[in-house]
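Trainee: Residue numbers (the working numbering), protein chains in the order written: chain A, 1 to 276; chain B, 1001 to 1276; chain C, 2001 to 2276; chain D, 3001 to 3276.
Worth flagging that the hints you see were computed from the coordinates, not collected in a lab.
Just so you know, not all the hints are guaranteed correct.
Residues from chain C shown here face chain B by an in silico Cβ test under 10 Å; the list is partial [stated by the list, open to error]: (1) Ile2032; (2) Gln2036; (3) Ala2040; (4) Thr2064; (5) Arg2143; (6) Gln2146; (7) Ser2195; (8) Pro2197; (9) Phe2207.
The beta-carbon is built from N, C-alpha and C at its ideal position, and this holds for glycine as well.
The chain contents come next:
Protein chains: 4
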Amino acid sequence: MAAVRSGDADGAVVPLENSVEGSVNATLDELIRGEQLIIAREILIPVEFALLVRRGTTLEDVATIVTHPVAEAQCRAWLSDNLPKTEVYRAASTASAAAMVANAQHGPDGPYDAAIAANLAADHYRLETLASGIGDDPDAVTRFVQLTRPGAPPAPDRASKTSLVAFIRDDHPGALLEILEQFATRGVNLTRIESRPTGSGLGRYCFAVDCEGHVNDARVGEALLGLRRVCADVRFLGSYPRADGRAPTLSYGTSNAEFAAAADWLASLRDGQIVR
Amino acid sequence: MAAVRSGDADGAVVPLENSVEGSVNATLDELIRGEQLIIAREILIPVEFALLVRRGTTLEDVATIVTHPVAEAQCRAWLSDNLPKTEVYRAASTASAAAMVANAQHGPDGPYDAAIAANLAADHYRLETLASGIGDDPDAVTRFVQLTRPGAPPAPDRASKTSLVAFIRDDHPGALLEILEQFATRGVNLTRIESRPTGSGLGRYCFAVDCEGHVNDARVGEALLGLRRVCADVRFLGSYPRADGRAPTLSYGTSNAEFAAAADWLASLRDGQIVR
Amino acid sequence: MAAVRSGDADGAVVPLENSVEGSVNATLDELIRGEQLIIAREILIPVEFALLVRRGTTLEDVATIVTHPVAEAQCRAWLSDNLPKTEVYRAASTASAAAMVANAQHGPDGPYDAAIAANLAADHYRLETLASGIGDDPDAVTRFVQLTRPGAPPAPDRASKTSLVAFIRDDHPGALLEILEQFATRGVNLTRIESRPTGSGLGRYCFAVDCEGHVNDARVGEALLGLRRVCADVRFLGSYPRADGRAPTLSYGTSNAEFAAAADWLASLRDGQIVR
Amino acid sequence: MAAVRSGDADGAVVPLENSVEGSVNATLDELIRGEQLIIAREILIPVEFALLVRRGTTLEDVATIVTHPVAEAQCRAWLSDNLPKTEVYRAASTASAAAMVANAQHGPDGPYDAAIAANLAADHYRLETLASGIGDDPDAVTRFVQLTRPGAPPAPDRASKTSLVAFIRDDHPGALLEILEQFATRGVNLTRIESRPTGSGLGRYCFAVDCEGHVNDARVGEALLGLRRVCADVRFLGSYPRADGRAPTLSYGTSNAEFAAAADWLASLRDGQIVR
Chain A
1 MAAVRSGDAD GAVVPLENSV EGSVNATLDE LIRGEQLIIA REILIPVEFA
51 LLVRRGTTLE DVATIVTHPV AEAQCRAWLS DNLPKTEVYR AASTASAAAM
101 VANAQHGPDG PYDAAIAANL AADHYRLETL ASGIGDDPDA VTRFVQLTRP
151 GAPPAPDRAS KTSLVAFIRD DHPGALLEIL EQFATRGVNL TRIESRPTGS
201 GLGRYCFAVD CEGHVNDARV GEALLGLRRV CADVRFLGSY PRADGRAPTL
251 SYGTSNAEFA AAADWLASLR DGQIVR
Chain B
1001 MAAVRSGDAD GAVVPLENSV EGSVNATLDE LIRGEQLIIA REILIPVEFA
1051 LLVRRGTTLE DVATIVTHPV AEAQCRAWLS DNLPKTEVYR AASTASAAAM
1101 VANAQHGPDG PYDAAIAANL AADHYRLETL ASGIGDDPDA VTRFVQLTRP
1151 GAPPAPDRAS KTSLVAFIRD DHPGALLEIL EQFATRGVNL TRIESRPTGS
1201 GLGRYCFAVD CEGHVNDARV GEALLGLRRV CADVRFLGSY PRADGRAPTL
1251 SYGTSNAEFA AAADWLASLR DGQIVR
Chain C
2001 MAAVRSGDAD GAVVPLENSV EGSVNATLDE LIRGEQLIIA REILIPVEFA
2051 LLVRRGTTLE DVATIVTHPV AEAQCRAWLS DNLPKTEVYR AASTASAAAM
2101 VANAQHGPDG PYDAAIAANL AADHYRLETL ASGIGDDPDA VTRFVQLTRP
2151 GAPPAPDRAS KTSLVAFIRD DHPGALLEIL EQFATRGVNL TRIESRPTGS
2201 GLGRYCFAVD CEGHVNDARV GEALLGLRRV CADVRFLGSY PRADGRAPTL
2251 SYGTSNAEFA AAADWLASLR DGQIVR
Chain D
3001 MAAVRSGDAD GAVVPLENSV EGSVNATLDE LIRGEQLIIA REILIPVEFA
3051 LLVRRGTTLE DVATIVTHPV AEAQCRAWLS DNLPKTEVYR AASTASAAAM
3101 VANAQHGPDG PYDAAIAANL AADHYRLETL ASGIGDDPDA VTRFVQLTRP
3151 GAPPAPDRAS KTSLVAFIRD DHPGALLEIL EQFATRGVNL TRIESRPTGS
3201 GLGRYCFAVD CEGHVNDARV GEALLGLRRV CADVRFLGSY PRADGRAPTL
3251 SYGTSNAEFA AAADWLASLR DGQIVR
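All chains, please: the whole structure from these sequences, using the hints.
Mentor: See below:
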């Protein structure tokens, strides 16, 4: 991200969230606080779970496993078929589980024998893969985003998404509700909302929001205007094609054509050419 | 109103509502259904209650009174001081009460002796005024509006009001809530809402709404746009100075300047000149 | 209504609203302000429009007609077939139109020749019926209610309705929205809402509300509790079977069984028997 | 947490969130997915930032620092006074920054010289503290919670908090809005909301919520009932005293007394003892 900012690179592809472990806070916090970058594209990469061990460990040696609880849940069938007696311990993330095995970190009964983590972790932590593709959720996925320096967003696609960060004005109780209503009143659906601390004390958050549609869409534009007015600050993170290609479900009155017709009508009222 | 429509008159002053008896439905239904007219001005006229009788009746003769229940309530002190033993019967309106006395209509115990009605009713129904100014609510008032043919609304005043009729798209349960949210999201306060049947069956209503602000105000314009998009139809009834001169209470983010700043920001996002 | 209150009658059947002309304010205001009565039943009576004249007038004589604008709209086909050249003038109600013809009241060109009103008006105003059944809306209907002295409401029916009046706490802008949200949060659909002045100045209203369901239903009970807490006052007007027999559409989580299951769950949390 | 569940320990004190880096997802995910535990108490511990180095490094040697961006921001004054020429690189967390220094991990220009992290990290990563108390935000704080096996919650305190996890029924666009409205309608303020993936695909979240008040409070109980009805599942995480002792701001109609009065009124309606 620094290389993109300095101009040394034109873009960077970074992980933003994961259906197993949630947001990648390091990326998110950089997007929220660092010098402005925007998302030009999103990419979904399936997560392949693997059983990773230190060189020399065999399946028979594996008495303890460490992993993130969601990964454990998604590998339950494989575990019960192949390692029914193994104890599973929980780590904060699959990456930290791999690191714990790589470092031979001790659990309650000696060093952990194996980690369940993404395939990619084997290389990074110099571990061996005893088994791969052991998860049973074909939808486990990591969402990467391609970041670029600020510029005009790509043209609206049949299926676009818009990302932004809303900093609430003060921490009054209904602030989040107020933000959500700005979207709901314009018929804009949210696909994700994540709170992050602003750093100025517990209970002070900003909200990272992804919504359906493109900043050039009338309904999205008006929702952004509304946010800008009621929030202390709004940071735009880009409009880009949806990786899953799913077009938004528009409720009545929210298409660009309907916005344009209503704007014509309002102009005529203001001019005194009153029409029904 | 017909004379204004035909061009025989430039304007008409008609009663629209009354703090005692509510909406004047005849006026409201004409505004809703007749050929379009708009409100150029509102005028508040205090309601003076009087005790009206047929010629020759004296205060001592008054054993029964007929009036609207609100008028009765507002004249209770005078009645208890001056006619403590008189029976009071209820009519649908103060005007119909006056008509009942004029026609010597019979109640349970013979013809009604007196009506409590507005001063003006004496002339209209050829009745005599036994006492006037007998109400104890100095705020009792009738709101008249001056109607003109469609044209550009008068320039925004420090304190303006806007009137319209919203025809809901279909009678789904949340339709009224949806209308109110269009105003609330833009910080536009309603001063009045009245449901009227559309004539197409029980449970089918349109809503006559008065709100604070002028159609040229950004927040009012955007609320109108929202209504136009989500409603089957919206009829604009005018923007005009408030008779009581009370300026609107604006919540943060709803002034014209804040709307304009947000619009500039949105334009810059769309152009790729990303700024926080 | 007075006879019911005094005990001289067990019940009274009174008109409450009309799909053509809206609320019958006299009834509504009595229910709102008079000594408490409750609705035990509702009855829908079709409105049959008729052309009413003074004795001796023939169809050929009818050059001017007076009626309410909705009635005119609903008789347009008959008028265009049978009286294509007749001028139609507007009255505040069909009843007042009939009265105007009975009294030979003058319009712009002499006394009105005929009124369009309900069949029943002929007798009341001693008019003759030149034609009946001249409306083309088979759904035109008047809703009557049977009123009784307060008592336990009839048992919940497959399709019940509940009526009440909500007096808002003060006239803050979002008061009506707040009332509607009390219903929406519990999944209770409104079938009607009507504002009436409280009599204490313009801009001060109470709201007469009809909703789906019975006061004994958990979702209706909780909505009433919510209203009672946020309003200055709530007057209950009864729970009674719906005349149209239409059962409510319940969204998820709003049935009595779901309310009871949730209450059991809450009790277990409070007792420390925590269960998911 | 495992020791508490097995009965080997009576309680566990674990970090839940941090005003600098946000939620401790490992704790949160265990609370969401593991066998049920409840929060009996919360404890706030100030975060003291320190400059940590490998043994032997002096302040003059420090050319590169690695830390979390919020920590960097909070130490900006100290850095500009003491190390104005040092490059600061960003890590995903202060703990991982400390680990990177301990492991002499390479950045763009060789191994990082120092980390800014919490004081406590020095011991854990066997680093030396060159300077401590270098942050300028006295409100930087970590929130720990004391967990116990399920049981009746402690008695309501003047200032209580309630924590829960809401699993939305399906991923319809307005699901989060619906959850927030369940709280808002009962006047219950949220102090925190955090989304976590359910593990069943991108875009599928549950929401960890902290609100003001105790499960025994009527308004909190009714909000929980509402959540339970509209959500697929709700997991209760406890009611406990607020560490900051701040009593909730109650809006009208939300005290226990007002709930009780409304319940009495509803009971009387159902019994037919109708009162205003």
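Trainee: Look at each hint and say if it fits the structure.
Mentor: Here is what the structure says about each hint:
The interface hint given for Ile2032(C) holds, since its Cβ lies 9 Å from the closest Cβ of chain B, which is under the 10 Å cut-off. Violation of the interface hint for Gln2036(C) is found here, the shortest Cβ-Cβ separation to chain B being roughly 14 Å, above the 10 Å cut-off. Hint status for Ala2040(C): violated, given a least beta-carbon distance of 19 Å to chain B, over 10 Å. Given hint, Thr2064(C) at the interface with chain B, is violated; its Cβ is 13 Å from that chain's nearest Cβ, farther than 10 Å.
The criterion of a C-beta within 10 Å of any C-beta in chain B is met by Arg2143(C), whose closest approach is roughly 6 Å, and the hint holds. Using the Cβ-Cβ criterion of 10 Å, the hint placing Gln2146(C) at the interface with chain B is not satisfied: the shortest such distance is roughly 17 Å. Interface restraint check: Ser2195(C) against chain B, minimum CB-CB distance 6 Å, threshold 10 Å, status holds. Hint status for Pro2197(C): holds, given a least beta-carbon distance of 5 Å to chain B, under 10 Å.
A least Cβ separation of about 9 Å between Phe2207(C) and chain B falls short of the 10 Å threshold, and the interface hint therefore holds.
Hints 2, 3, 4 and 6 from the earlier list are contradicted by this structure; the remaining hints agree with it.
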